[in-house]
Each structure stands twice: as structure tokens, then as C-alpha cells.
Amino acid sequence: MSAEAPQYVAARVQRALAEDERTHELGIRVDVRGDQLFLRGQVSCEGRRETLAGVAHEAAPELKVRNELTVVEIRDPREEESL
Amino acid sequence: MKTRIAAVGDIHLGEDVRGRFRARLEGIEERADILLIAGDLTRHGTVQEGRVVADELRGLPIPVVTVLGNHDYHSDAEEEISGLLRDAGVTVLDDNSTVVDGHSTLGIVGGKGFGGGFAGKCASEFGEPETKAFVRHTKEIAERWRVGLKELQADHKVVLSHYSPVKDTLDGEPPEIYPFLGSYLLAEAVDAEGADLILHGHAHLGSEKGMTPGGIRVRNVALPVLGRAYAVYCLDGCDPDEE
Ligand SMILES: [Fe+2]
Ligand SMILES: [Fe+2]
Numbered sequence: 037m038s039a040e041a042p043q044y045v046a047a048r049v050q051r052a053l054a055e056d057e058r059t060h061e062l063g064i065r066v067d068v069r070g071d072q073l074f075l076r077g078q079v080s081c082e083g084r085r086e087t088l089a090g091v092a093h094e095a096a097p098e099l100k101v102r103n104e105l106t107v108v109e110i111r112d113p114r115e116e117e118s119l
Numbered sequence: 002m003k004t005r006i007a008a009v010g011d012i013h014l015g016e017d018v019r020g021r022f023r024a025r026l027e028g029i030e031e032r033a034d035i036l037l038i039a040g041d042l043t044r045h046g047t048v049q050e051g052r053v054v055a056d057e058l059r060g061l062p063i064p065v066v067t068v069l070g071n072h073d074y075h076s077d078a079e080e081e082i083s084g085l086l087r088d089a090g091v092t093v094l095d096d097n098s099t100v101v102d103g104h105s106t107l108g109i110v111g112g113k114g115f116g117g118g119f120a121g122k123c124a125s126e127f128g129e130p131e132t133k134a135f136v137r138h139t140k141e142i143a144e145r146w147r148v149g150l151k152e153l154q155a156d157h158k159v160v161l162s163h164y165s166p167v168k169d170t171l172d173g174e175p176p177e178i179y180p181f182l183g184s185y186l187l188a189e190a191v192d193a194e195g196a197d198l199i200l201h202g203h204a205h206l207g208s209e210k211g212m213t214p215g216g217i218r219v220r221n222v223a224l225p226v227l228g229r230a231y232a233v234y235c236l237d238g239c240d241p242d243e244e
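In the order they appear, the protein sequences are chains U and S. The first sequence begins at 37 in this note's numbering and counts up one residue at a time. The second sequence begins at 2 in this note's numbering and counts up one residue at a time.
Just so you know, the hints here were simulated from the structure itself, not pulled from any lab data. Be aware that one or more of the hints could be misleading.
[Stated by the list, open to error] One-sided and incomplete, this derived list gives chain U residues near chain S with beta-carbon spacing under 10 angstroms:
1) Gly63
2) His93
3) Glu115
[Stated by the list, open to error] To be clear about the criterion: a stretch of chain S counts as covered by chain U if any three or more of its residues have a C-beta under 8 angstroms from a C-beta of chain U, and this derived list gives those stretches:
4) 143-153
5) 198-208
6) 227-233
All figures in this text were calculated on a predicted structure; none of them were measured in a lab. Where is the CB? At the ideal position from N, CA and C, for every residue including glycine.
Generate the whole structure from the sequences, applying the supplied hints.
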């Protein structure tokens, strides 16, 4: 049996992030490069950022998780748009 | 008469962020006459999260109208979540309409919408029953919106959706998932009867501005797209110096 293709590992992690009841996060980009797993995208708070990394690690324990997720910045409302 | 509409979607609230969204709504009554929310109020669609959303929106000084999103359906508690929101004074649209009186009357038609894709690259009601059911769901929603718009009596008409009616506002999302992000059938129904504006969310990586083939403005108000608590759209020419 050959080693699992990185595409399948990435797809498995992405599915876990969407389907795991701790996360249900749909818009995360997952890339596997060598022994590293990259997570990219935006989440709403620091806690969720860490939970996602944890669930990703469980789905691919053999890889080192590189957590490049950022916390979405909410600025104050700006000028209205006139339609 | 002018109407100022504050809009946001995909607030995805839960116990871990309780209180934060409400803090951002401070002073909204000075900027807008109504707040419209384009679905995905929760993350997992649980009753507990629904309670957080209801608490954050309760007693705002301006009317609040919302639709649900796919996340709000995940735990099969959409009815209960809607009930909690209504008890908190929020109007929840589910393929129906409401009219709000202000400087002028604003009619809002909407619901969560659904996917299927965009003209030329979309699913058809053909083949397996699962495929047919998927497409039929969107068709039925679009038809209810069309009838809702036709019957609506108001100075201004706005459509509130979760899924997108056009591709323009998906720009930034991978094209492979467009069929899961919206359907042109929604735009076609609105173009048939006319409206001043269509608001949607769901496409977190998309972009804010678009237009239907019939020339109706579309705005993707998903929170990560806006990067701010809400956008304000002014119908009928707001003069910025007027305030
Ligand atoms: Fe969302
Ligand atoms: Fe969504």
C-alpha cells in the first residue's frame, strides 16, 4: 500500500473542519506540503482559531499543523452607500 | 423619501462571542432606519446559539428583519430558533414578506434561498431524484419570492437572502463551489417583478458589489466581506450633509 496522496489528506482535513461539531467551519483552505499542513482563512475569534487547529491535528496527526488562520477584524461602520 | 438600510450577514454567533456583536450595534439608530440580517446567525444551528442571537438583537431601537442561513438549519432546530428570534421582536422571513413603515414604506421579501449554480453552468431538474429535489427546492423558493414581490405594496422593495442570486458577488470564492453558493433562478425571479436592492450573505470570500442581468443592485453583506459590523445603504439619494 502506498502512502496516502496529499490531496486526500487535505480533503479529509477540510471535511473534518466542516463536519466536526466543534468547528463547522466551511471556508478554510487546507494545503499539505511535505509533513506540514497549512490552514488559511479567517475566523471570528482566537478560540475558534485554536479549535480548528486542534480538529485539523486530530484528522491528520502525522502532520505538523501550520496555523495561518487570521481573526476577522471588525472595523466601525463607515460611510453609507447611496443607491 | 429616503430609507437607510443597515445590513450584515454571517454573524455566526455563539456563547464564546456573546455580547460582542451587540456592542458593535451601539448607536445604529443614528445611522440607519432598519437592520436586515442575511442569515447564518449561528455556527451550529443549535437552540443555545439561537438564544445568544435573540439576546444580542433584543430591544434594538430600530426594527430588525432576518432570514436564516444553512448553518441555522444544521441541528434541525430552525423552527425553534425562529421562535426565539420572534419572541425577541425580530421579524424572521421564510419565503414571505413584511412591510415596515418609516419615512417611507419599505417592503422586504426573502428567505434563505438555495444553490444550483448560474446560467449555463448549473444543475437541471433531470436524472436522479436527489438531483431533481435539489433543483426543485430552488425553483419553488424563487417562485414564492416572485409572487411575494408581485403582491408587495411599498415605496421601496428589498430582497433579503442568504444564498447569492448572482456570480459577481462570489468573486474570490473558488468557481468549483459556485453551485453551492447560489442560483441565478433567484435573480431571474426578482428581475421579473423588480426591486431596489438584493442583499445576501453566505459567500465569506466573495466581494460586496454586483448586479442582476436586469440591472438590480446586489450586495454581499457577509461579515468577513464587509470587515465591519454592518454596511449602510441609502435608497433614494441620501445627502451626506443632511444629517
Ligand atoms: Fe456563513
Ligand atoms: Fe452560509
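A quick look at each hint next to the structure:
1. Gly63: holds, 5 angstroms
2. His93: Since the shortest Cβ distance to chain S is 20 angstroms, the answer is violated.
3. Glu115: The hint holds - Glu115(U) has a Cβ within 10 angstroms of chain S, the shortest such distance being about 7 angstroms.
4. 143-153: violated (count 0)
5. 198-208: It holds, with 3 qualifying residues against the three required.
6. 227-233: holds (count 6)
Hints 2 and 4 from the earlier list are contradicted by this structure; the remaining hints agree with it.
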